[in-house]
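Trainee: If you want the building blocks of each chain, they are given just below.
Number of protein chains: 2
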Amino acid sequence: MDFQELQEDIKQNIKYINEYIINNIRIENETLFQACIHLFNAGGKRIRPYIMRTVYSLFKKDNSLITPIASAIEILHTFTLIHDDIMDQDEFRRGFPTVHTKWDENIAILAGDVLHSLVFSIIGQSDFRKEIQTRIMIDFSKTLIKICEGQTMDLQFEKQENVTINEYLKMISLKTGELLALSARTGGIAAEVDEDLINHLSNFGLNYGLAFQIIDDILGIIGEQSKLGKPIGSDLRQGKKTFVIFYALENSSEDEQKILKDILRTHNLSEEKLKKGIEIISKSGAIDTARNLANKYLQSALDNLEKLPSSNGKNNLIQLTKKSLNRKF
Amino acid sequence: MDFQELQEDIKQNIKYINEYIINNIRIENETLFQACIHLFNAGGKRIRPYIMRTVYSLFKKDNSLITPIASAIEILHTFTLIHDDIMDQDEFRRGFPTVHTKWDENIAILAGDVLHSLVFSIIGQSDFRKEIQTRIMIDFSKTLIKICEGQTMDLQFEKQENVTINEYLKMISLKTGELLALSARTGGIAAEVDEDLINHLSNFGLNYGLAFQIIDDILGIIGEQSKLGKPIGSDLRQGKKTFVIFYALENSSEDEQKILKDILRTHNLSEEKLKKGIEIISKSGAIDTARNLANKYLQSALDNLEKLPSSNGKNNLIQLTKKSLNRKF
Numbered sequence: 001m002d003f004q005e006l007q008e009d010i011k012q013n014i015k016y017i018n019e020y021i022i023n024n025i026r027i028e029n030e031t032l033f034q035a036c037i038h039l040f041n042a043g044g045k046r047i048r049p050y051i052m053r054t055v056y057s058l059f060k061k062d063n064s065l066i067t068p069i070a071s072a073i074e075i076l077h078t079f080t081l082i083h084d085d086i087m088d089q090d091e092f093r094r095g096f097p098t099v100h101t102k103w104d105e106n107i108a109i110l111a112g113d114v115l116h117s118l119v120f121s122i123i124g125q126s127d128f129r130k131e132i133q134t135r136i137m138i139d140f141s142k143t144l145i146k147i148c149e150g151q152t153m154d155l156q157f158e159k160q161e162n163v164t165i166n167e168y169l170k171m172i173s174l175k176t177g178e179l180l181a182l183s184a185r186t187g188g189i190a191a192e193v194d195e196d197l198i199n200h201l202s203n204f205g206l207n208y209g210l211a212f213q214i215i216d217d218i219l220g221i222i223g224e225q226s227k228l229g230k231p232i233g234s235d236l237r238q239g240k241k242t243f244v245i246f247y248a249l250e251n252s253s254e255d256e257q258k259i260l261k262d263i264l265r266t267h268n269l270s271e272e273k274l275k276k277g278i279e280i281i282s283k284s285g286a287i288d289t290a291r292n293l294a295n296k297y298l299q300s301a302l303d304n305l306e307k308l309p310s311s312n313g314k315n316n317l318i319q320l321t322k323k324s325l326n327r328k329f
Numbered sequence: 001m002d003f004q005e006l007q008e009d010i011k012q013n014i015k016y017i018n019e020y021i022i023n024n025i026r027i028e029n030e031t032l033f034q035a036c037i038h039l040f041n042a043g044g045k046r047i048r049p050y051i052m053r054t055v056y057s058l059f060k061k062d063n064s065l066i067t068p069i070a071s072a073i074e075i076l077h078t079f080t081l082i083h084d085d086i087m088d089q090d091e092f093r094r095g096f097p098t099v100h101t102k103w104d105e106n107i108a109i110l111a112g113d114v115l116h117s118l119v120f121s122i123i124g125q126s127d128f129r130k131e132i133q134t135r136i137m138i139d140f141s142k143t144l145i146k147i148c149e150g151q152t153m154d155l156q157f158e159k160q161e162n163v164t165i166n167e168y169l170k171m172i173s174l175k176t177g178e179l180l181a182l183s184a185r186t187g188g189i190a191a192e193v194d195e196d197l198i199n200h201l202s203n204f205g206l207n208y209g210l211a212f213q214i215i216d217d218i219l220g221i222i223g224e225q226s227k228l229g230k231p232i233g234s235d236l237r238q239g240k241k242t243f244v245i246f247y248a249l250e251n252s253s254e255d256e257q258k259i260l261k262d263i264l265r266t267h268n269l270s271e272e273k274l275k276k277g278i279e280i281i282s283k284s285g286a287i288d289t290a291r292n293l294a295n296k297y298l299q300s301a302l303d304n305l306e307k308l309p310s311s312n313g314k315n316n317l318i319q320l321t322k323k324s325l326n327r328k329f
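So the protein lines, in turn, are chains A and B.
Just so we're aligned: the first sequence equals residues 1 to 329 in my numbering.
Just so we're aligned: the second sequence equals residues 1 to 329 in my numbering.
Read the hints as simulated data drawn from the structure, not as lab findings.
Errors might be hidden in some of the hints.
[Unchecked claim] Listed below are several chain B residues computed to face chain A (Cβ distance under 7 Å; list not exhaustive): (1) MET87; (2) THR134; (3) SER141; (4) ILE145.
As the structure is a computational prediction, the values presented were derived from the model and not from experiment.
Here a beta-carbon is modelled for each residue, glycine too, at the ideal position from N, C-alpha and C.
Isolated chain A (complex conformation) (with noise of 0.2 Å):
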């Protein structure tokens, strides 16, 4: 089992997924039609589905089952970047003008309505028990709140001079774990395990969406344009505040904090300022100390993942885990 053998599947994945998608979303109005698809053709993994669809293949053959609810959690997925992307001001994703760009802020409130909604419908349709249905819907649900609770520390602390690294670190798992986990513990759910493999599934995809925010975040300082497309400081310029940020922050001395927040501040920063800058997060061994807990998060992942039957699908997922840490693909 290679990595190649991986993003075939991946590849397949994405077939399956986007299929569903885009046969299941029947709009009338044709502007929230176009809004409601628009990042579905915009690209993207679809992890979050293959990470379902494979857990739930290692136990079940036919996955005819799974693919709506894989879809569904896709579906989610996207709303919530429609919506982050309003409250964010982003204007691009995977390239593409966000929805609120490219038509306005208000058909991107509707568009991210329609789909949130759709979410549920589709699995209120699905052919599960009704244990199960149920169990599932309530776990989406409660995952989107926790989801919008994730989003609101996230801008509660960009008007906060003082965060936390374990207030930063529960945002993150609120904001971006939860759907991981969500997604391979729905995966074995819909397949009946038992309740000990549930939990490994959950924590697998909790890890896993950790350890991909906090490399996410030491990219956002020092990573280049080859990988991921951020350029080296992406997020100073930005002034977003990530871990290596909270972490500088608390670990710097009070002239060094004082540069830091001002850089936070400057828009059009100087290439002097922004050498300054990484200079600072490096000093306080935010870097170092994002890479090791990032790995933690990561061998947690896979320790996690072991405890799945063997299989190919069990394969791909450690491999899907390892090269996160190395994100080209």
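Dock chain B against the given chain A, drawing on the hints supplied.
Mentor: The following block gives chain B in isolation, referenced to the frame of chain A:
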């Protein structure tokens, strides 16, 4: 059965619904929690849950099963109000600052999203058998999508010079009628009455909703402060395009159309211009036509109610429908 008994019944219903809602919104983040419960604390008649519970009670003695679903429809309604208020930039609702005014647009988007999700976890936790629960869930989801389509049309009309009466009626049937149809229909679906009756319930709700909206449009022009708190010509002052405006635009001379369009674009309307606007609208026959149309819808709502078995609840629904012509409560 008189009006006082209806009022008492509505008051009782408000108590049950508010209690359920407040006990079932569980959010850790304090800001998000306050934003979510804000509009529920701002009063409101809970007409949609009232209709659902009353319909259900016609057929089932114990209405403990329907109360959560009736609360869910109020939560759904409230979520759409929170998002609509952002889009329409309304600063007040029921005399209270709107959510995005009291907090900000981001928190309002998130509060709406949380309530939206809550709707489906409540339905998912209901004790109806799977077929019924699934049907209700899909019905709620599809109705919400229709409401979003209605709101999209409403936003599009603002920028559109010519809107036909039929387009306008379609918009209000999606934006207002469908949710009232759902309220009545769900009471019947949950009580497992026959499909014919479910259709009558749905038609009652739809027609009641249309009548309600058209009367609102009339009051927006000729309403007095004492009724519904609307001063004379309030819709004209706000440049709000409603049935009477579209009708007047369709049925006035070219000169009058020009004056009316100019009035709709004018901020801080003079009393003289306001009077002229109301004159043009009246002369076009818009008010009379709207009254006749509202009466037609009300009559249709009543005809559909006639199909229900005789009971106090039925009489209350008839009273409610008749009283909507003279909305003082």
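Trainee: Hint check: is the beta carbon of THR134 (chain B) less than 7 Å from a beta carbon of chain A?
Mentor: At about 5 Å, which falls below the 7 Å cut-off, the nearest Cβ of chain A leaves the hint on THR134 (chain B) intact, so it holds.
Trainee: For the restraint on MET87 (chain B), tell me whether the closest CB of chain A is nearer than 7 Å.
Mentor: Holds. Min distance 4 Å.
Trainee: Tell me if SER141 (chain B) is really an interface residue toward chain A, meaning its C-beta lies closer than 7 Å to one of theirs.
Mentor: Given a least distance of 3 Å, the restraint on SER141 (chain B) holds.
Trainee: Does the closest beta carbon of chain A sit nearer than 7 Å to the beta carbon of ILE145 (chain B)?
Mentor: Since the shortest Cβ distance to chain A is 5 Å, the answer is holds.
Figure legend: structure checked against the earlier numbered hints; every hint is met.
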